[in-house]
Amino acid sequence: MLKTLKTGVAATLLMTGAAYADGHGGPYAEYAGTTLVVNFPAHPHYNAAMKVLPEFTKETGIEVEVDQLPYLKMRERQTLELAQDEGEYDLISYVVFSKADYVFADQLENLAKYFMNPKLADPNYDAEDLIDGYVQNIGVAGGAKGYLPGPTGSLFGIPFGSETSVLAYRKDIFEKHGIAEPETYDQLLDAACKIPELEPGMGGMASRAASGHQASHAFLLHLAPLGGRVFDDAWNPIINNDAGVQAANALKTIVDCGPEGAMSFGPSEAANAFSNGDAAMFLDSIAFMPGFENPDRSQVVGKVGYAMHPKGVRRGSQTGGFGIAIPKNAENKEAAFLLMQWLTSKQGDLMVAMEGGNPSRFSTYQDAGLNEKYPFAATFGEALKYADPDWRPIIPVWGKINADIGTTMSKVLTEDLDIQEALDGVAERTRAVMEEAGYYTWQ
Amino acid sequence: MSIARVNRLSPYMFMAPAMVIMAIALLYPLGYMIWGSFRDWNPSQSIGEAEFVGLKNYITLWNDPNFRESIGVTLRFAFFVVSIEMVLGVGLALLLDRDIRGMSVLRTMFILPMMIAPVVVGLMWRYMYHPTIGTFNRFLESIGLPKVDWLGDYALTSIIIADIWQWTPFIFILSLAALQSLPRSALEAARIDGATPWQQIWHIKLPLMMPVLIVTGLLRLIDAFKVLEVILVMTNGGPGLSTEILALRISRTATEFRELGVAAAMSNYLLILLLLLTVAMFAFTRIQEARAARVRAAAEEAS
Chain X
0 MLKTLKTGVA ATLLMTGAAY ADGHGGPYAE YAGTTLVVNF PAHPHYNAAM KVLPEFTKET
60 GIEVEVDQLP YLKMRERQTL ELAQDEGEYD LISYVVFSKA DYVFADQLEN LAKYFMNPKL
120 ADPNYDAEDL IDGYVQNIGV AGGAKGYLPG PTGSLFGIPF GSETSVLAYR KDIFEKHGIA
180 EPETYDQLLD AACKIPELEP GMGGMASRAA SGHQASHAFL LHLAPLGGRV FDDAWNPIIN
240 NDAGVQAANA LKTIVDCGPE GAMSFGPSEA ANAFSNGDAA MFLDSIAFMP GFENPDRSQV
300 VGKVGYAMHP KGVRRGSQTG GFGIAIPKNA ENKEAAFLLM QWLTSKQGDL MVAMEGGNPS
360 RFSTYQDAGL NEKYPFAATF GEALKYADPD WRPIIPVWGK INADIGTTMS KVLTEDLDIQ
420 EALDGVAERT RAVMEEAGYY TWQ
Chain F
0 MSIARVNRLS PYMFMAPAMV IMAIALLYPL GYMIWGSFRD WNPSQSIGEA EFVGLKNYIT
60 LWNDPNFRES IGVTLRFAFF VVSIEMVLGV GLALLLDRDI RGMSVLRTMF ILPMMIAPVV
120 VGLMWRYMYH PTIGTFNRFL ESIGLPKVDW LGDYALTSII IADIWQWTPF IFILSLAALQ
180 SLPRSALEAA RIDGATPWQQ IWHIKLPLMM PVLIVTGLLR LIDAFKVLEV ILVMTNGGPG
240 LSTEILALRI SRTATEFREL GVAAAMSNYL LILLLLLTVA MFAFTRIQEA RAARVRAAAE
300 EAS
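Keeping their order, the protein sequence lines are chains X and F. Residues 0 to 442 in numbering that gives the first Met the number 0 are what the first sequence spells out, letter by letter. Residues 0 to 302 in numbering that gives the first Met the number 0 are what the second sequence spells out, letter by letter.
One or more of the hints may lead you astray.
To be verified - Pairs of lysine-lysine residues, derived as DSSO-like cross-links and limited to a Cα-Cα distance of at most 27 Å, are as follows:
{"no.": "1", "chain 1": "F", "residue 1": "K225", "chain 2": "X", "residue 2": "K251"}
{"no.": "2", "chain 1": "X", "residue 1": "K170", "chain 2": "F", "residue 2": "K55"}
{"no.": "3", "chain 1": "F", "residue 1": "K225", "chain 2": "X", "residue 2": "K399"}
{"no.": "4", "chain 1": "X", "residue 1": "K332", "chain 2": "F", "residue 2": "K146"}
{"no.": "5", "chain 1": "F", "residue 1": "K225", "chain 2": "F", "residue 2": "K55"}
Please keep in mind that the hints were generated in silico from the structure rather than gathered at the bench.
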C-alpha cells in the first residue's frame with residue numbers, strides 16, 4: 000500500500016520562495032521539494048504518525064511517501080531492500096529484534112555524524128528526555144553483549160512506537176469480589192484462577208499463547224520479573240533454571256485459568272477477549288490499551304484499571320516495539336534525518352501521542368493535555384522506569400531460538416509436556432545453535 | 000548447406016525459443032535453489048558472499064527432530080486429505096452423473112470453494128472453529144453437547160476438514176468430466192448383459208476412469224504437499240508442531256530463522272519426495288497396463 004501524502008504544490012513553492020527571499024532558508028530550505036520514501040508498519044502508533052506527517056510537509060517542504068506493511072512482513076521486505084546497492088527507502092521503521100541483523104550486516108547509518116552536523120542537528124532536541132530503556136534497547140548496539148549499550152556502543156536508531164507492558168484489569172470485577180490490584184506475581188496468579196470460580200464464564204487473564212513467537216513472548220514476559228534470563232553473561236543458556244520453570248508454570252496457570260480457546264490466542268485475540276469481557280485481566284503491550292477505552296470496539300470502557308507489570312523478585316516489564324533508522328543505501332539520508340529528528344522531537348512526539356501513538360519521551364507522558372485525553376498515561380510513564388532492556392536477547396540467531404522456545408512452550412500448554420524436561424531440551428538445542436554461531440569461541 | 004541438413008535442423012530451430020524460455024524460467028531458478036542449498040546463506044548476503052558448506056544443510060536437516068516431525072505431519076496430512084477427497088469427489092461425481100434439472104447451477108456452486116482465495120478460506124474456517132463465537136461450537140452448545148477445542152486439541156483434523164471442503168470439488172469436476180466422456184457403448188453393453196449399477200461402477204466406470212483419476216490424485220497430492228496459506232492463517236503450525244507442514248516450515252526457516260540455505264535444502268528434500276511419489280505412481284500404472292495387456296493377449300490366444 001503506497002500512500003502519498005502531498006500538500007499543495009503551490010504551498011510548497013510559496014514556502015521555499017519565502018525562505019530564500021529572506022537570505023537564509025532555515026535548516027529545511029535546502030531539502031524542500033525532496034520526496035522521502037519511508038517504510039512503516041501497519042500499527043496504531045504509525046497510523047497516528049501518518050496523521051501528523053502533513054504537518055511536517057507543511058513546515059519543511061519535504062514530502063513523504065509511506066509504504067505501509069504488516070509488521071511481521073517488514074523484515075522480509077527490508078532484508079531485500081537493504082541488501083541492494085541503491086535502496087528504495089530513505090527511512091525505515093524496524094522491529095526491535097531486527098536491530099541485530101541490520102547492524103551486524105552493516106546496513107544502518109551510524110547516527111553520530113548527523114548529530115555532529117550543526118546544520119542538521121537541532122540544538123533543542125534534548126536527547127536526555129528520550130526514555131532511556133527504549134534508547135538502549137532499540138537504538139544502541141555494539142556495547143555490552145553486543146546488543147546493549149556500553150562504552151563501545153553507538154546509536155543506530157531512535158525509538159519511535161516503543162512499547163512496554165502494563166496490566167489492565169477489570170476494576171468492577173475486582174471490587175465486587177474484594178480482590179486487590181495485583182502487585183506481585185503471587186497475587187496475579189491467585190487472582191487469575193480465582194476469577195473463573197467467582198465469575199462463571201469469565202477467564203482470569205487473557206494472554207498470548209499461540210505456537211511460535213506468541214508463546215515465546217508470553218513466557219519471556221514472565222521470565223524477567225521472576226528473576227530469569229535466557230543466557231548468563233557467558234552466553235550459557237540458563238532458561239532451564241528455577242526462574243525459568245517458575246515462568247513456564249506461571250504461563251501455564253494463566254492459560255489454564257484463562258478464557259476458552261486461550262491456547263491459540265495471538266495478541267489481538269487476547270486483547271479482544273478482554274475488551275469483550277471474556278477475561279478479567281490482560282498483561283501485554285501498552286499499544287493495545289487505547290483500544291479498551293474506545294466505545295466503538297470495547298465493551299469495557301470506563302471499567303478498566305491500569306497497573307504496573309506485577310513484581311516477581313524484581314520489576315521488569317518488556318521493552319519492544321519499533322525504532323526508526325536510516326538505511327546505508329538510502330538516497331536522501333540528510334532529509335531522512337530531518338524527518339527522524341522532527342518525529343521524535345518533543346513537539347513531534349506529543350503530536351503523535353495525541354493522535355493515539357506511544358510516546359518515546361518522558362516529557363510527553365507528563366503533558367497535562369495527554370493525561371486528560373488518555374487517563375492511563377501517568378501509569379505508563381511510571382511503568383517505563385522499570386522497563387527492562389535485556390528481557391530478551393537481540394542477537395542474529397535469536398529468530399531460531401525464539402521459535403524453539405515458542406514451539407516448546409506451546410507443547411507444554413497443549414500436550415502437558417513436563418516443564419523441566421521441556422526447558423532442558425530448549426537449553427540443549429540453544430547451546431548447539433550458539434556453539435555453531437561462534438559464541439563459545441573464546442571459552 | 001545442403002537441403003537435407005536444413006531439413007534435419009529445422010525442427011530444432013522451431014523448438015529453440017521454447018527451450019530457451021524453459022531454460023530461463025524453469026531450470027535457472029531450480030539450479031539457483033540447488034546451488035543455494037549447499038551454502039550457509041543468510042538473507043542479508045548475496046549468494047556469492049555465502050560460504051560453501053557442502054552437504055551440511057542436508058545432514059543437519061536429516062538429524063533435526065523438528066524437520067522429521069514436520070515431514071510426518073505433511074505425510075499424514077497429504078494421505079488423509081487425498082484419500083478422503085478422492086472417495087468423496089468420485090462418489091459425488093458418480094451420484095451426479097445424470098440429467099438433473101439445474102445441474103449447471105449446482106456444478107458451479109460445487110466449485111465455488113476452489114475459487115475462494117486461500118487466505119480467505121483460512122480466515123473463514125478459523126472463525127468457524129473459534130472456541131466461543133465459532134459456528135461449530137455454538138451449534139454443539141445449542142444441541143447440548145460439550146464444546147470442542149477445534150484448533151487446540153484437534154488441530155490437524157480441523158485443517159484436514161477445511162482442506163477437504165476446499166478441494167473435493169476439484170476431484171469432483173475432473174471425475175465428472177471423465178465419466179461423461181466414457182464410451183457409452185461399453186455401458187450399454189453392460190446394461191444389456193444385466194449388470195447391476197454397482198457392477199457397472201466397479202467393473203466398467205472406475206477402470207475406464209482410472210487414468211484420469213491417477214493424474215487427478217497426483218495433482219492433489221502434489222498440491223497437498225505444498226499447501227501453505229490456509230494452515231498459516233488457521234494455526235500457524237501450532238499448537239506445538241502439530242500442524243507445521245513442510246511448506247510452512249520452509250517459509251519459517253527462510254523468514255524467521257533467516258537460513259536460506261537450509262530452506263533451499265528442505266525444498267529439495269520435498270522435491271525429491273514428490274518426484275519419488277510421482278515416479279512410483281506412474282510405474283504402478285505402467286505395471287497395471289502391462290498386466291492388463293498380458294491378460295488381454297492371453298484371452299485372445301485362448302479364443
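Can the restraint linking K225 of chain F and K399 of chain X be considered satisfied, given a maximum Cα separation of 27 Å? Given pair K225 of chain F, K399 of chain X holds - Cα atoms ~22 Å apart, limit 27 Å.
Please work out if K170 of chain X and K55 of chain F have their alpha carbons no farther apart than 27 Å. violated, 57 Å
Can the restraint linking K332 of chain X and K146 of chain F be considered satisfied, given a maximum Cα separation of 27 Å? Judged against 27 Å, a Cα distance of about 57 Å means the pair is violated.
Compare the distance between the alpha carbons of K225 of chain F and K251 of chain X with 27 Å, and conclude whether the hinted pair is satisfied. The given pair, whose Cα atoms are some 33 Å apart, is violated under the 27 Å limit.
Given the hint that K225 of chain F pairs with K55 of chain F, does the C-alpha gap stay at or below 27 Å? Judged against 27 Å, a Cα distance of about 24 Å means the pair holds.
Going down the numbered hints, you'll see the structure goes against 1, 2, 4, while the others check out.
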